[in-house]
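Protein chains: 2
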Amino acid sequence: MRLTTMTDYAMRLLMYVGQKPERLCTIAEVAGAYGISEAHLMKITHQLALNGWLETVRGRGGGMRLGAAPAEINLGAVVRSIEPDFYLVDCLTQEADCSLTGRCKLTGIMSGALQSLMQYLDRYTLADLLPPSTQIETTYTPRPPSGGPHRQIPVALG
Amino acid sequence: MRLTTMTDYAMRLLMYVGQKPERLCTIAEVAGAYGISEAHLMKITHQLALNGWLETVRGRGGGMRLGAAPAEINLGAVVRSIEPDFYLVDCLTQEADCSLTGRCKLTGIMSGALQSLMQYLDRYTLADLLPPSTQIETTYTPRPPSGGPHRQIPVALG
Chain V
1 MRLTTMTDYA MRLLMYVGQK PERLCTIAEV AGAYGISEAH LMKITHQLAL
51 NGWLETVRGR GGGMRLGAAP AEINLGAVVR SIEPDFYLVD CLTQEADCSL
101 TGRCKLTGIM SGALQSLMQY LDRYTLADLL PPSTQIETTY TPRPPSGGPH
151 RQIPVALG
Chain D
1 MRLTTMTDYA MRLLMYVGQK PERLCTIAEV AGAYGISEAH LMKITHQLAL
51 NGWLETVRGR GGGMRLGAAP AEINLGAVVR SIEPDFYLVD CLTQEADCSL
101 TGRCKLTGIM SGALQSLMQY LDRYTLADLL PPSTQIETTY TPRPPSGGPH
151 RQIPVALG
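Here the protein sequences come in this chain order: V and D.
When the count follows our numbering, it moves up by one through the first sequence with no breaks and lands on 158 for the last residue.
When the count follows our numbering, it moves up by one through the second sequence with no breaks and lands on 158 for the last residue.
Because the hints were derived from the structure by calculation, they are not lab data.
A hint or two may mislead.
Put simply, identical chains are the same to the list, so a pair is met inside one copy or across any two.
With a cut-off of at most 30 angstroms between alpha-carbon atoms, the simulated DSS-like pairs for lysine-lysine come out as follows [unchecked claim]:
hint: 1; residue 1: Lys20; residue 2: Lys105
hint: 2; residue 1: Lys20; residue 2: Lys43
hint: 3; residue 1: Lys105; residue 2: Lys43
Remember, predicted model here, so these are calculated numbers, not experimental data.
So that you can see chain V by itself, here it is in the shape it has in the complex:
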């Protein structure tokens, strides 16, 4: 049983970028750090940006940074966003053709098991994945309001 490689990479990408709040990170850099595919990371970056969890800056010197505070990036939401194949057994797909359809209780129990796993992930955010030593550094600084830049209070780990 496992999540797809894409979800695995999404988590690692967020963890990497979350630990470098002082600068933009590039896809090449993250791919090199983990030894994983740039092409996959590009696709994931796009998906995470669509959800507002990453901000990308184009052009020379461009790259990505977190688009929200680590404590606002929920792990369950990230998994749901990336995972394309969200069922545990074949018969949970729409296309499944099984002789037991309609009187089989496996789908209900498996759906419940999956829900239990997701509810667990829903209790955590990216802030829980970052090492305590980087918690102060990774404090999210939102775009400065008209009054000038300000810093948020660091998010304490629970």
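Add chain D to chain V, keeping to what the hints say.
Chain D in isolation, oriented as in the chain V frame:
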């Protein structure tokens, strides 16, 4: 996210055999009923028999039947027995080589999520997967003791 095909097939095999307590079932028959591979079913049958959940009878007229009462075949135990790849992300493998090893909290949270899913499955048995209409038929009759055959009280669905 999904279980392997093997676990999916194991569940369906047990459900099929559990609904035919009056006779032996053959692998060819189960493969035909679900439209799945005989080779895969042979491997699964062997694994389930090793755990005592199936009994196999060799030779002409042979086949398989449940080796325990449906209420004694725990779904969590079946999944643990069949599933070879029991981690959600790459870094839960022994062989994983990640630059964050030792200071990464992803593995702990993912292990917790998996444990949550398994604890859910641990609450169910094969008896919960069988249609109510077959519950009386599927009452398990253990091998007769020396005093002669006897029947167990049917297991009621919760």
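The hints, checked one at a time:
no.	hint	result
1	Lys20 / Lys105	between (47 angstroms within a copy, 17 angstroms between copies)
2	Lys20 / Lys43	within (21 angstroms within a copy, 49 angstroms between copies)
3	Lys105 / Lys43	between (36 angstroms within a copy, 24 angstroms between copies)
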